[in-house]
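Here is what each chain is made of, one letter per residue.
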Amino acid sequence: MKRWLPVSIAAVLAMGTIAGCGDSNDNAAHSVDSGSADNTAAPSAPASAQDDLSKKLDIDILTISYGGASWSNDSAIAQFLDKKFNVHLNFQAISQDNYEEKLNVLAAAGKFPDAFLVQKADFLKWRDKGVFLDLAPVIDQYPNLTEYLGGKESLQFMNPPGKIYGLPYYQIETQTSFGIRKDWLDKLGLQLPTTIDEFYDVAKAFATQDPDGDGKADTYGFSASLVQNKTDFKHIDPIKAAFGLVNNWGVKDGRLISWHTQTQELKDFATFMNKAYKEGVLDKDFAINKVKDPQDKYESAGKVGIDDVVPNNFYQSIVPNLKKVDPNAETVQLLPPKGPTGLQGTSTNSITQKVVINAKIDKEKQARLLDMFNYFLSDEGDILTKNGVEGTDYKKDGDKYVKLDAFDQDGANQISTLLLRRFDLHTQIHLWDDPTTVANVDQWFKNSEPFKWADAAAGLESPTATKQGTTLDQKFMATLIKVIMGDQPIGDIDQAVADWKKNGGDQITKEYNDAYQASQK
Amino acid sequence: MSMGEKEEAVAQTASSPVGRSGGAAAWFRGIPIYLMILPGFLFFVIFKYIPMGGLVIAFQEYDPFLGFQGSPWVGLDNFHRLFSDPDFGMLLRNTLFLSGLNLFLFFPAPILLAVLLNEVSRSWFRKSVQTIIYMPHFLSWVIVVNITVVLFATQDGGINNLLDSLGYHRIEFLTDSHYFRALYVFQNIWKESGWSAIIFLAALAGVNPMLYEAAVIDGASRWRQVWHVTLPALKSTIVILFILRLGQVLDLGFEHVLLIQNPVNLNVADVFDTYVYRNGVLQGNFSYSTTVGVFKSAIGLVLIILANRLAKAFGQEGVY
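In the order they appear, the protein sequences are chains A and B. UniProt numbering applies: residue 1 is where the first sequence begins, and numbers increase by one. UniProt numbering applies: residue 1 is where the second sequence begins, and numbers increase by one.
In short, the hints are calculated from the structure, not lab data. Keep in mind that this is a model prediction, so the values were computed, not measured. Incorrect hints may have been included.
What the hints assert, rightly or not - Derived pair list, reagent style DMTMM-like, types lysine to aspartate or glutamate, alpha-carbon separation capped at 25 Å:
hint : chain 1 : residue 1 : chain 2 : residue 2
1    : A       : K275      : B       : D176
2    : A       : K323      : A       : D434
3    : A       : K230      : B       : D77
4    : A       : K501      : B       : D85
5    : A       : K452      : A       : D218
6    : A       : K275      : B       : D85
7    : A       : K252      : A       : D455
8    : A       : K475      : B       : D77
9    : A       : K467      : B       : E119
10   : A       : K502      : B       : D156
11   : A       : K467      : B       : D77
In isolation and in its complexed conformation, chain B is listed as follows (with noise of 0.2 Å):
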């Protein structure tokens, strides 16, 4: 992003001068700059943009075994097989569902987060906060999900076990489609919202501190003070990455929703991507999943297009 950003910039600033007086020098002027893009440009074209040529196997019964030129053509079957699906209902409704508890419950936690922290006046305080809140981030989702199982199953788990010696009954956390999608929620912000609060710390860092002092003197609350000073200063913050987030809307951290399905709570949990490893990787259909992966890759385009508009039409700064 950041690079995407400079190189324009730099090209601004080159090429204003060059408009009136010509061409070739402004570009000889230039070359060390354009090599400094070099590698950036080159990162993009080799490791993004030529893979994308694997694609076409969507449009075949790839075979690894007869590679590209040797896989029969197909074209739009995988597509019309996706779509016939029975299935294709339950996973779109899936999908969107735990994107839309990730974008309205998991996405405002850290932003929740930072402004509770920026409250905090001692520093020692706020420091060691921060600092545990961040560690699950390096915690993997399988010592997370298999902490979720010690605590929570019904059989032998923690919780279980504590309910049942107090005389309640056993809940069946894990394999009571219920309670999937509050189990997947709560799993996401309690790994991560430290770690994303940072962006949003550094955002707030950035705050004069004379807009608090004005709002004082002005007789402001803290409330008041929130409201007024610490949110409009996170809001080109949280719209870019609001932005971001709908483009992966319906990436939802495979290795996560994985490693909590089971057979029971499929019916809520089973999403494209687990939907693609069990047909792609478990049964071999290749081919039909690269097909699935471009379908989310097309909705996840149109939804960052429209959002960028979205953010431009009230007055925002969009991604590009």
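So here's chain A without its partners, still in its complex pose (with noise of 0.2 Å):
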């Protein structure tokens, strides 16, 4: 044995990991069996159960956090539950930046939690193998869920027919909008950009003319990020729309094209950026940044004169922030650019993320889980899940309803914020809003309504997208970046764009072609 052992620990080293969650997934295999052997059993059998909440629930609920409080179980709402439900809910939320990677380990370890958030990309790799309960066969009987999350239509999203393995995870389409320093505008004598040339203008003025006025060249235009995975740009959406780049995949006569392959709508976007970035119109650190970076940078450190702003975290958030730095600051909406040819377009969600529930777990668990959902949904669920609970999160004064400090601190609003919520522009507006704040993010979503930039192909599904789209993209990006950072000339877009066709694009835009003739019968 002594022979053997530092080759044991050379070769168990590389695959302790791996390995380890072999007994687990050995536990998920016999689990699928049971399962399925219980649907074919009884196939209406998940929830149609009646659930007499005599027995206390342990829960967990796994979702993508975006910062703030996290759950306590002490907290007003966590208690009410419990009351209501007779549930120990173990409400955890990771930050997006890990996401993907925590539910993919979770699914190497066959221990997914009782319900969960799911992106696009594993709901569409998961959901035919049994591991999301399909509700189509009990949804009649919690009508909030139709009635509340935009329709049967709505609930078949990215499913096969008759069967519904999620629930829509509801998105402002035109959530975020650019906003700009109307404080720096004014003192530097400048006007609202409405071209992208008056913006590039207006942000070189930011980045050298010191609308700051402290004396130093410490500001600059606007900054950007990757999308978590570093396939994709973050917060410069309206500017890839004006050069004429599709949010992923676009329709052009009448089949779908990736961005990918816009030569020349690609080079224009990178001749922009290349100068934003040689002039220090860019964040430098654009490449580096964290996917919630260029935010953070706008409202606490105000150096940044242009942010992609989320209209309900603006006068929540960042108004207050930015006054901490700069009591002068004022952000006003800035309408997305027009491009060379006129085009425009802002920053367009697609509904694609689903609340998903558990199909190994006990039915009991099950039907818990659905009157929950369900509840949520209701009326008093939507107050009570957006606003906490009267009393403990916030008060009425008179006519007036007032947050207290528990809400802040319990986070008393993240079932509503990151799980579940109502299909409805109105999702983080509290009771106690002052209904001029309230018309006002109105108006910033009514403002960027008429510029949605909508993919083409959410919702269709590409098995090699699923199996090698993030790689490609990466390999793809990583071209485009360097260009931008001067690093490789402009030029070597076509052979990027060559590239990510002939190892695996073409036969990704097939693949999607395809669903997307046969979604359109």
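Two chains, each in its own frame: build the complex with the hints.
Laid out in structure tokens, this is it:
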């Protein structure tokens, strides 16, 4: 044995983690078997049993966090739910930078939580593996699920016919838009830019003419970051749209095309970005920023002039934080600048994230979860999940409502912001919010509405994209970023496009187009 | 390691008289000793050997929802895919390059440090220096890398702000791939060399002071003392650690590399470990990433055997 020691150490070092998951995989395999056996025995069984709430259940929920307080079981809302549903909620929210990783590790270990949020790629990857509970047989027993989640069609989206494997997580389609420092514009005597050239001039003035008046050249025009798996940019969608790039996939002559193949548009965009980078207009750290860094830099440092803003956050965090750095700071909405050919588009979400229930857990738990989800979407539940518990998180003062400290400390609105909520523009508006603020937020959404820039392949599936898409897109991005940073000549984009197509892009395009044609019938 | 050596020593002392006086009695006499070995033996069997069974998924198209039994067998397909991957050459080159840097720049650093500290005669000074240079070992890579970002970022980093205010150009330390390798080794040395020096200092503590005295009497200078007394005392420790290090030549500290990777330096920073992470963990190709792991271990095994032979050929004691 001694002779083999160093060998075994060397061999096992690399394998320890993967092999370590082995035992639990085995268990997972068994539970798959038993799970499917149950399903065939009683197809409509899950959740149809009347749950009398008599048994206390521990329920694990996992979702994406965007910062803020974490869930506490001492919070008023946790205790309220405990009393109402007899549950001990283990509500965990993880940073979006690590979420995909966490979920895949749980998958390898066969230990999914009881209910969790999945993003598009993972949803499609696991959809037909029997891991998500099919809600179709029981959906009618929980009327709020159909009523407040965009109707049957929205529930059916991304699912095979007759199956509903998850509930859509609502996102406002045109949720974010550019905000710009009005006080800087005024100081430099500039107007709100309307075209991409004016946008550049303003951003450059912000970088070079010392808009904050501290005598130092420490400001810059705009920032950017990459999405968590480094396959695309984040926070500069209106610029991409102005140059005619599509949002991942667009329709041209009845066929889907990927933004990876728009050579001319890519070159225009890269030329613009390269100039911005060289002249100090663009944040020089954009390639190493974490997803949310640009927004954090905008609101906490006060050195960025233009930023991608979520109107709800705008009034609740950006304005108060920015005031701390610079009392004169004022941010106004900047409509998407017009590109050279007059194109405009704003950052646009597709509702592709799903809240799913684990198919392997007790029927009792599944029923309890559905009861709770149904309640969250009811009128009473909607108020509760957005505002917390009356008396602890907020109170009534005359005919007005007042927020109490516990609301922020406990993050009493996490269920609504992170897990499940109605299809409703006012997802983050609270009882106590000033009506003018509400009207302002509405106005931001309304202003961006005409500039929708939708992903035409949202919800479509391509097996090749699921398997190799990330690596392929990352490579493409590496070249594009290097071109922007001036490490590679602009002509290298041709090669990047060709490589993308050759190494799987053509196949992905074909698969998406087949799926697209099928969905058009 | 030490457990294995003891076992051998024990086995020798126990078996030499046995050879003459016959099997059973001696075997029974050895029982307490075998019992002492048992926990260590079980540890390796349960936590090191049994999990190796999981390697079968390298030959399957493993699906966690089907398990070992249910997943289809694909033979050597995963290995074909690895060796025909256009990135394979780049991954191998990067991995070996970074390992080489580790081996030739980072590995000698603690030795140098230990020799230097050994020459310091004021013990309060030596002890406080030692304490301070241990410290970074206890910081996680996340912290070390974030400190680096705060210092070296192009837009807001302290060093670049300083350069800028002095009228120099900003340097893209983090996003220019030319700096990546230097940064990687520098971080390793900063974080770990103090800690790794401990074992060499321990070896030096065992050197008989009379050797130095004799050298002084023979007229040896400070340099000569280091060359003829200190370094020979460290020789066997250095060789053993070097062999062990060779076995891990393809393990580069996954967390560290991943944290300092970005899309711009990927051409020099992508190594097998991070490749496994992106393919295996993020895209869920468990079989394929296991294949890469098997390949890595095989290389490590070959290197260890070669290094051990080499050490023996030069008259040193190997690890086995």
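Tested hints:
As the CA atoms of K275/A and D176/B are separated by approximately 18 Å, the hinted pair is consistent with the 25 Å bound. For the given pair, K323/A sits about 19 Å from D434/A by alpha-carbon distance, which is consistent with the 25 Å threshold. The hinted pair formed by K230/A and D77/B fails the criterion: a straight-line CA distance of about 28 Å is larger than 25 Å. For the hint pairing K501/A with D85/B, the CA-to-CA distance comes to about 16 Å; that is within 25 Å, so the pair holds.
Distance check on the hinted pair: K452/A and D218/A sit about 34 Å apart at the alpha-carbon level, beyond 25 Å; violated. Restraint check: the Cα-Cα separation between K275/A and D85/B comes to about 35 Å, which exceeds 25 Å; the hinted pair is violated. With a C-alpha separation of about 13 Å, the suggested pairing of K252/A with D455/A holds against the 25 Å cut-off. For the proposed pair K475/A and D77/B, the alpha carbon gap of about 24 Å is at most 25 Å, so the pair holds.
Under the criterion of a C-alpha separation no larger than 25 Å, the hint pairing K467/A with E119/B is inconsistent with the structure, at around 58 Å. For the proposed pair K502/A and D156/B, the alpha carbon gap of about 39 Å is over 25 Å, so the pair is violated. In summary, the hint linking K467/A to D77/B is supported, as the alpha carbons are separated by about 16 Å, within the 25 Å threshold.
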